[in-house]
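Chemist: Residue-level listing of the chains:
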Amino acid sequence: MKKFLLSLLVVALCVPASAGLRQKQANKDTQNFRYEIECAGNAIQGTYLVKVWTYSKKASVAENQCRKNAIHGVIFKGYGGGQGCVSQRPMVNTPGAETQFKEYFDSFFADGGEFQKYASILGGTTETVKVGKEYKVGCTVSVRKDDLRKALEAAGIVRGLNSGF
Amino acid sequence: MKKSIFTLALALVALVASAQIKKPELMVIPSDVWCISNGYYTEIENLGTTVKVPNYKQALQENMGLKLAIAKLNDLMAERQFPLQSLEQTIKNLEQRRMEDNLTMSKAGNELAESPLDEVARTAKCDIILELSWEVKDFGPKHSLSYILEARDAYTAKSIGAASGTGAPSLSADVDVLLEEAIVANMDNFNNRLLDHFTEMQTIGREISLDIKVFANNAAGIDLESEYGDDELLDIINNWLQVNTVQGRFSMPYASENIANFTQVRIPVYDERGRAIDANGFAKGLAKYLKKEPYNIPSKVLVKGLGRAVIILGEK
Numbered sequence: 020m021k022k023f024l025l026s027l028l029v030v031a032l033c034v035p036a037s038a039g040l041r042q043k044q045a046n047k048d049t050q051n052f053r054y055e056i057e058c059a060g061n062a063i064q065g066t067y068l069v070k071v072w073t074y075s076k077k078a079s080v081a082e083n084q085c086r087k088n089a090i091h092g093v094i095f096k097g098y099g100g101g102q103g104c105v106s107q108r109p110m111v112n113t114p115g116a117e118t119q120f121k122e123y124f125d126s127f128f129a130d131g132g133e134f135q136k137y138a139s140i141l142g143g144t145t146e147t148v149k150v151g152k153e154y155k156v157g158c159t160v161s162v163r164k165d166d167l168r169k170a171l172e173a174a175g176i177v178r179g180l181n182s183g184f
Numbered sequence: 508m509k510k511s512i513f514t515l516a517l518a519l520v521a522l523v524a525s526a527q528i529k530k531p532e533l534m535v536i537p538s539d540v541w542c543i544s545n546g547y548y549t550e551i552e553n554l555g556t557t558v559k560v561p562n563y564k565q566a567l568q569e570n571m572g573l574k575l576a577i578a579k580l581n582d583l584m585a586e587r588q589f590p591l592q593s594l595e596q597t598i599k600n601l602e603q604r605r606m607e608d609n610l611t612m613s614k615a616g617n618e619l620a621e622s623p624l625d626e627v628a629r630t631a632k633c634d635i636i637l638e639l640s641w642e643v644k645d646f647g648p649k650h651s652l653s654y655i656l657e658a659r660d661a662y663t664a665k666s667i668g669a670a671s672g673t674g675a676p677s678l679s680a681d682v683d684v685l686l687e688e689a690i691v692a693n694m695d696n697f698n699n700r701l702l703d704h705f706t707e708m709q710t711i712g713r714e715i716s717l718d719i720k721v722f723a724n725n726a727a728g729i730d731l732e733s734e735y736g737d738d739e740l741l742d743i744i745n746n747w748l749q750v751n752t753v754q755g756r757f758s759m760p761y762a763s764e765n766i767a768n769f770t771q772v773r774i775p776v777y778d779e780r781g782r783a784i785d786a787n788g789f790a791k792g793l794a795k796y797l798k799k800e801p802y803n804i805p806s807k808v809l810v811k812g813l814g815r816a817v818i819i820l821g822e823k
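Residue numbers (the working numbering), protein chains in the order written: chain A, 20 to 184; chain B, 508 to 823.
Isolated chain B (complex conformation) (with noise of 0.2 angstroms):
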């Protein structure tokens, strides 16, 4: 009997593990034009035009105003249980990365083509990028500070919310002073946009972007205009999404027959096992329905963090 119900008990606690959402990570960033505006950039040439690119290790390294900002967003959002990645660590990932890339790259002979932003967050897998900028204005003897805060979804690059203002004028406070103000008045505000983001995913889905590719010369010999029956195989993804998002919300911007982006999708937050899923789950759920008969695709799922998935068609 004992026995039975301690069963019961540990089956209980991990039907609640397994229902819980999983949960999102947050990394500040400076932004490209507080970045850009102190010195914090690199120049470099793109075909013909010169890019400025921000240097977030050098902004670490020299702006102490910025680690005091970054410390202050972890503490205030730790004491809300919601600790932010650290920028500087995963820098020093990023360096160990790119050593082990390039000599990587000498064996292929093939580069990477990814912006500063992207390897960052690639590196930390952080699924909702703060980007952070302020300026101080100066008023003749005063100064004040304006002060922006924007969390944006790193996958769909979309909005979250932001909290911005400008302080009081000030004769005698420092700059880092009238930052810690900035930060602490706006937080509450901030964290309200980011609970009614979170809030809203809860109800009606995650939202990722889904990318279908073809292997050229594939084995399987197929593409997206491939007929099963009366439908081309586009037309059979998009069933599947039909039925398989939240209330059928999806939006495809683009489709030929070798491609097809499909942004906005609502995925639900659980799969039919009660068990937490994201945009990687959702994609393998695509993939195995399309290995299956009448079909038979092999394909290939990439994994882009929680909210972005590729799935490549013909072969593994």
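In isolation and in its complexed conformation, chain A is listed as follows (with noise of 0.2 angstroms):
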């Protein structure tokens, strides 16, 4: 009796621990740009439309990434276009502006951050891929390009069109 429970202590300490494990695995692979974004149609005024893929070794943390990971590439990987879809540079360009706001980055992108008020899954768009140990994951997100862009612009990490004048 007292080993079966000294295994359910045991378990119940480990799942967690390996959740928060694979969610830091996933936040890092976000870091090193491990996903793909490209262009899901033509959204309506003042929102993008994306599709971003998304890696992990648990399929519900690849999915609770995919806002994360489309905010991040709208921000600083851009995607192409073709078939109809314009392609749209990072908007942030300058070289480095990631460690040089890392602070401010660090807390916009953190679990629950303020990235989850740009962006939304569409519901029935999620597909789920087995990939050798992994799984590859696929949302279409809607990203709130122009509000995410005022923030930016009010955090001072982007110039707004107007700036200087």
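Hints are not guaranteed to be accurate.
[Claimed, not checked] In silico BS3-like cross-links for lysine-lysine, where the CA-CA straight-line distance does not exceed 27 angstroms:
id, chain 1, residue 1, chain 2, residue 2
1, A, K96, A, K70
2, A, K169, B, K530
3, A, K70, B, K649
In case anyone wonders, no lab produced these hints; they're calculated from the structure.
Now that you have both chains on their own, put them together as the hints suggest.
Modeler: Okay, structure coming up:
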């Protein structure tokens, strides 16, 4: 009985720890640009529609990370066009901005951070593919890019079109 | 004490306000190719050749798509705190000015030689022209829209940037919807190019063109080859430009004894007192320099907007 309780305790402690580790790894992957972002069609005014592919050993972690990766991609990576889609360059295209404003971005991209305000996953768009030992999860995300740009302008990270005049 | 703090605050506000760079004015104009391919043009006889000139007024009165495109562009630019000048209002002002010019012409006996685009640009005093064109292409039952928006400096005619592309073929969407989609989808790329241009302007100065001319038979009896010590007047002007442009950036594509054209002149956006300057302020600086000893040359400065100035030497 004692042995059983001890095993149960170990499992109870290990499950959250491993979930935390996976989330940590997912955040690391985001920072290292280990995701794919592509145009998902023409969006309504003030938004971008992007398809993001995220990798994780746990499908639910990858799905949760989709919004973060979509925002990260719009800010730092940009995406290509084609087939009626227009390519977009990254919102922040100053080299080293990620390091220069590290404090801001650490808080912005923290779990449950401000990034959540600017992205929403379109229902019924999630695709999951098993690739080797991990999952590749694709979600279509609507990014409120005008509001996002305004937030970055207010933080002094990107210049407004009107700045200096 | 309170009074002195208030004065200091007022001075600071004034300093900040004066340190703002003069904001360029932007206006959307349908491109020549769009106007001509859609039948919005007038044929003019010019030295025995028939020239097709865009008729902006007709285009605005008859093409709903154009009005929609301009309204959409204005909406998107206003959202970025950069409202556009209205082409329609400019045309109305132009007609008023034409009426006045006609009266002046009958007295002077001379005709004004200006293209419609020059007239619009001058009347609107716009600094950047946004040329818009689009074309609908049919692929069987589907149609798609090709779209080009190009920004051009009104004074130097240099292209600042463009956004273009062809939308995905659609079975159901009508042209106005496709046009709106194209504008919305391409606007960020276009604004990025504008921003690059503004950043460059704030870093290496505003690009202007400067023309120096000489009044024929002027009272001062000078031309650009007049000598002052070892230097001709043109050399003196060149030296002044070398000192007063940003990093000595300018070029002189043409010069004779009566005229000198300076292009790609990079002027600082602020003068030595921290006030914003444009082509007019810069040209006045040169005119003042030439008015002083030992040159004593009177001159007239003509303003052509933020980016172009003409100095006519010899008389006021």
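Chemist: I'd like to know which numbered hints this structure contradicts. Please list them from smallest to largest.
Modeler: none
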